Amino acid sequence: MRGSGLLEKNVIISLKDISISFDGEQILKDLNLSIRDGEFITLLGASGCGKTTILRIIAGFLEPDSGEVIFDGRCVNDVPANERQVNTIFQRYALFPHLNVYENIAFGLRLRKMKDKEIKEKVTEMLALVDLKGFEHRSVESLSGGQQQRVAIARALAVDPRVLLLDEPLGALDLKLRKDMQAELKSIQERLKITFIYVTHDQEEALSMSDTIVVMDQGEIQHIGSPLDIYNEPKNAFVADFIGESNILDGVMKKDFKVMFSGHVFDCVDKGFQENELVDVVIRPEDVDICEPEKGMISGVVTSVVFKGVHYEIIVDIKGFKWMIQTTDYSAVGDNIGILIAPDEIHIMKKSKYSGLYGDYSSFSDEMDFISDVNEVLVDTEEEIID
Amino acid sequence: MKNRTYNTISSPYALWCAIFIVAPLVIVAFYALTDKTGNFTFENIKHLSMYTDTIARSIYFGIIATVVCLLISYPLAYIFSKTKVSTQTILVMLVMVPMWMNFLLRTYAIMVLFEDTGIINNFLQKIGLSPIHMINTAGAVIFGMVYNYLPFMILPLYTSMTKLDNKLIEAAYDLGATGFQTLRDVMIPLTKSGIVTGITMVFVPSVSTFYISQKLGGGKYTLIGDVIEMQFQTAYNYNLGAAISLLLMVLILVCIAVMNKFEDTEERGMLV
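If you read the protein sequences in the order shown, they are chains F and Z.
Its first residue numbered 1, the first sequence is counted upward by one per residue in the numbering used here.
Its first residue numbered 1001, the second sequence is counted upward by one per residue in the numbering used here.
Chain F on its own, in the form it takes in the complex (with noise of 0.2 Å):
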């Protein structure tokens, strides 16, 4: 799909038949990936998935078992991570310690022997360009998390890179100034029109920043495409998953337009399936409409209910099944309460060796998702000392 025809002719970097492992581990497997140039693109995936690995390998410090790292329409996995013209923010910024805010930004235009005058001009242009007037001579020591990171943005692009490889750059940041670095590291890419590759494994900062996710887990990518398509079209169940809220069913495609789950059948906007095809079907908490028990497609009991603020968190057991549904209306515990859905809510995936493992929230509480989160920091810390 990408990569090919008209869209070749602006691809700056290609990934051909990535595969590298650690201690007999496979990290990537037979990897291709196409970035466009310009373009705000992000790999999505939790710990583990091999996200940093790939812009390790980008970056040149990661050389891969086999396959090509193409730059610019040349292969690049001879070239040395100081002569490609790439830089990185690293997740833990790696300011240096002995310099000051200036010379940190200078860095590099240092080594490439510029002028004092032009060093300043330059060193100014990125200050201004971060925010950070007047910083100039502070100890990057005494600088918050949020300006370090702005020195770490402002000495990456100093030195006029083609593509800035941006590894967890928010992760060690609070909520509220995450979201003000995501609005602002989205506006300089747009003004600065280089290519930023950014690895997360917050689907929420990846939804509103890039142009193209890449969604990836094991080792292997499991969907490109716009956040839209990403949300709206998962490819399976674990994207469905990964991106927000999923309530994933086991389905029958009866015939087109028609899948039967949870013993009913529905009209959907799918096509294409064999006759009694099984499917995963995917619909997201937001877009199932609560009903009069009678009046209702299906009907279950609520068996908790959360209010989040904007609306009402339900999940109601239907048949055996949770759902989590998003609602304004307001329902008791115990109440019985019917489900409307609309054609085109559904999602139909095909099945996958993800299937059966998301998707019910029996589960779910709020606390059980602090708590996988927290193992996730730790998790990514242990991958940092690995890698």
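Source of the hints: derived by calculation from the structure; they are not laboratory data.
This structure is a prediction, so every number in the text was calculated from the model and none was measured.
Fair warning: there could be bad hints in the mix.
Result set (BS3-like, lysine-lysine): computed pairs, CA atoms no more than 27 Å apart in a straight line [stated by the list, open to error]: (1) K186/F to K1192/Z; (2) K29/F to K1167/Z; (3) K1192/Z to K113/F.
Residues on chain F that point at chain Z, a partial pick, calculated with CB under 8 Å [unchecked claim]: (4) F90; (5) F107; (6) A342.
Yeah, the Cβ is synthetic: ideal placement off N, Cα and C, and Gly gets one too.
Please build the complex by placing chain Z on the supplied structure of chain F, with the hints as guidance.
Showing chain Z alone in chain F's frame:
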């Protein structure tokens, strides 16, 4: 209240310092500035000019030994810090093991190796090469210093290398630095405290060492430490010996002060 507790706890150390650090210094200074009958005199200090050559040679040998130690240890410490943690423990152990052996014994062993009919020359002759004259040369003395004091350079360097974030080295590469530029602009500045500590810990004992030059230099390269030993052990001139010690101490203090200038605001090294 707080202050009193502090004083109570620190009093044994204050006592220790008084008895074993301050008192000996005062005694050395006293001997250096008196004659055999205990009268005040500058005679001993004037005598020091006799030892200008010895002092110059001690400093010269000390500098060479320190530089050689630094050149060997810096890459070695870096390699150590890049291995697996379990391997690091073993490597550090291997560095320490020779230090468990007595200093005199180690030096004596080098002598056995280096002699004209020693182990190395025997081996060279066996494989048909001509023997090399090694014992009783300046090189042998410096080798002895390097061999004995190398661990004092490796350990502080290794410690500062382990604190060096690998991401900083990657960041330097990423910004276009070559290997040499990364070393010069990132690694050396960030391991400065280890370098300063290592230099101090090798230079000070090298300058003041004795026995090494007697055994490996064949008495041709008398060092200041040997002169001091001689004054106390054979000449029984405690006053002159103390004066030389005092001079050595001043020289070392000057060196440390100079080194500390380089270290400026960085965290202090282990020794000073």
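Interface hint compliance - F107/F to chain Z, C-beta minimum distance less than 8 Å: holds (5 Å)
Do the alpha carbons of K29/F and K1167/Z lie within 27 Å of each other, as the hint requires? With a Cα-Cα distance of about 26 Å, the restraint between K29/F and K1167/Z holds, given a limit of 27 Å.
Under 8 Å is the threshold here; is the Cβ of A342/F close enough to any Cβ of chain Z for the hint to stand? Because about 50 Å separates A342/F from the closest Cβ in chain Z, which is outside the 8 Å limit, the hint is violated.
So if I understand the rule, the pair passes when the alpha-carbon distance is 27 Å or less; does K1192/Z with K113/F pass? holds (25 Å)
Sort out whether K1192/Z lies within 27 Å of K186/F, counting only the CA atoms. violated (39 Å)
A closest beta-carbon separation below 8 Å is what the hint needs, so does F90/F meet it against chain Z? Where the cut-off is 8 Å and the nearest Cβ of chain Z is about 5 Å from F90/F, the hint holds.
When held up to the earlier numbered hints, the structure conflicts with 1, 6 and fits the remainder.
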